[in-house]
Every structure is written in C-alpha cells, then in structure tokens.
Amino acid sequence: MNYNHSQFEETREVSRADRDKIAPVATQRLNLVYRAAGLVMQIGPQTAAEYEQAHPVYATANPAMASYLQAESAPVNPISRHEVSQSVEQVVPYSAVGTAAVQEVEQTSTGAELMVDDPRAVHLASAQRDVADAFDNDNFHLAA
Amino acid sequence: MSKLLDLFLGQHQQQAAEQRRAEVYKALIHYEAKIGGQLFGPVAKGERREFFCLDERTWVWHEEQIDQFGQRHVTTTRYDVRPNGVFKSQGVDVYQALSPEEARNFYDAVMLYYERVAPELSRLQQVS
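Protein chains in written order, with our numbering: chain A, 0 to 143; chain B, 5 to 132.
If you are wondering where the hints come from, they were derived from the structure by calculation, not from laboratory data.
From the three backbone atoms N, C-alpha and C, an ideal C-beta is built for every residue, glycine too.
Among these hints, one or two may not hold up.
Here are the in silico distance ranges between beta carbons for each label pair [as the list claims (entries may be wrong)]:
1. B/46 to A/19: 26 to 36 angstroms
2. B/21 to A/30: 33 to 43 angstroms
3. A/34 to B/18: 22 to 32 angstroms
4. A/37 to B/44: 20 to 30 angstroms
5. A/15 to B/11: 21 to 31 angstroms
6. A/37 to B/6: 48 to 58 angstroms
7. A/30 to B/20: 20 to 30 angstroms
8. B/12 to A/37: 41 to 51 angstroms
9. B/9 to A/23: 27 to 37 angstroms
Simulated coverage check for chain A against chain B, where a stretch passes if three residues somewhere in it have a Cβ under 8 angstroms from a Cβ of chain B [as the list claims (entries may be wrong)]:
10. 18 to 31
11. 34 to 43
Just a sample of chain B residues kept apart from chain A, beta carbon distances all over 10 angstroms, derived [what the hints assert, rightly or not]:
12. 12
13. 15
14. 16
15. 130
Can you build the whole structure from these sequences, using the hints too?
What follows is the structure, given as structure tokens:
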C-alpha cells in the first residue's frame, strides 16, 4: 500500500498489519532524530569561526559524545568514499526513483564560500538528487 | 529442488519486506518534513516548504516558490553538522559556515523540530 499523511495522523484507519509495519520504522526514525538533535545541541548555536576561538565545550559536557565527534573530525580523511556512499544509500534506500528534480538551486551570494576537502562533497550532487527524488512523489506533495 | 524454491521464496519475501520498510521510511520522512515546514509559520498557497532530518548529521530545508513572473524557484539547502560547527550547502560541493544569526535560527529550528516530531514518532511506534 502507499502510505500517506492521513494514515499517520489518524492511525485508527490503518489496518493492524500496516500499523505493525509502521511501528518499528517510527522507532528507527525516533532514535535517529534523537541522535541528530543531540549532536546539534552538543555543538550549540555557534558558528565555526566562533568555535575555533572557543574551547570544545562538549569535551567536558559529554566525554562519550566528545570522543565520537573528535573521531569524526580527524584531519585525515575520516570517512572513506565507500562508507559515505553506503550511508547515503542506507538512509535513502529509494534513491533509484526518477530523475533529478532540483531545477534550480539558488547559490548563496553573500559571505565567504568555503571549499571543504570532504569526501562527502563528492557525493553531494547525487545526495541532493536523492533528496529531490524523495519529494517527487505526488502522494506526498506537501503544498498547502 | 524444493530447497532451491524455499531459498528463492525466502529471498523474495525478504526483499518485499525491505521494500515495504523503505516505503514506510520514506513516508515518515515526508510526514516529518511537513511538520518541519510548519515550524516557520503557515505555508502560502502554491508554495511548498519542508524541513527535515535526513540522517544523523544532515538536515534539509526545501522550499518552492513562484515569483511575480510565474517563475518557479526551488531552493534546497543541506545543513551539515560537524564538530566545528554547522555548514550549509546550496550548490554542488560548496560548503559555507553559517552566520551567527543563521546558526541561532538553525539551532532553534532543530530544537523545535524535535519537540514537535518526537511525540508524533513516539505515538506511531506505539500503535501496533
């Protein structure tokens, strides 16, 4: 079946079988959102420039998180291309749908542009297409 | 022969289950994106706005508007959360550090997103 918003909003209309499919995925998403929001909370609302001048506040706030973040920030190629490709596919497993839907991406014209030697940048174009593809489904068009 | 058939059927069932899981996952992201898009106020008629968590370190803002000349503008911004701050990308392989105001807005948006989305996901995980 195709899932849509009303089924999530009013689950009484969803069959037991479908509810059984939704529940574990909702748990997966909840855990992911929890971790993602936690990372943002740990870093706090500061810019990279401000951060460079400050000490890593998370280092004492949460040693386990600090260890994780510092490992991720290792200066030498922390993420291999293969690993990045895998992670994108895992998160967006439906990436084979459709063609690129980003018809126009407005470039930022203010501020300094930072070219980052990050392997993930290599995959940005395909990842952006994946994101766009995810929204290229009429069942889930969110226009008001 | 029957073992081969069992193996084939088993793989087919596993693939079908994975496909269903992917469909639910995709639909849940869209559901979250709808909630996320409403964090910033009402969406005008004909416009589309979404904000969602793509993965542990990536957040996405997606907006579509039609200008006074009928031209459709699509903006997709990825926010990359790194240990040394949050960077955004609106083009291919170009990252830019957030301004202080943007960083504050992003932080607030993520906190609001969690406040609004987590209860919905908690509800959905308890419906079975």
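Violations among the numbered hints, reported as their numbers in ascending order:
2, 15
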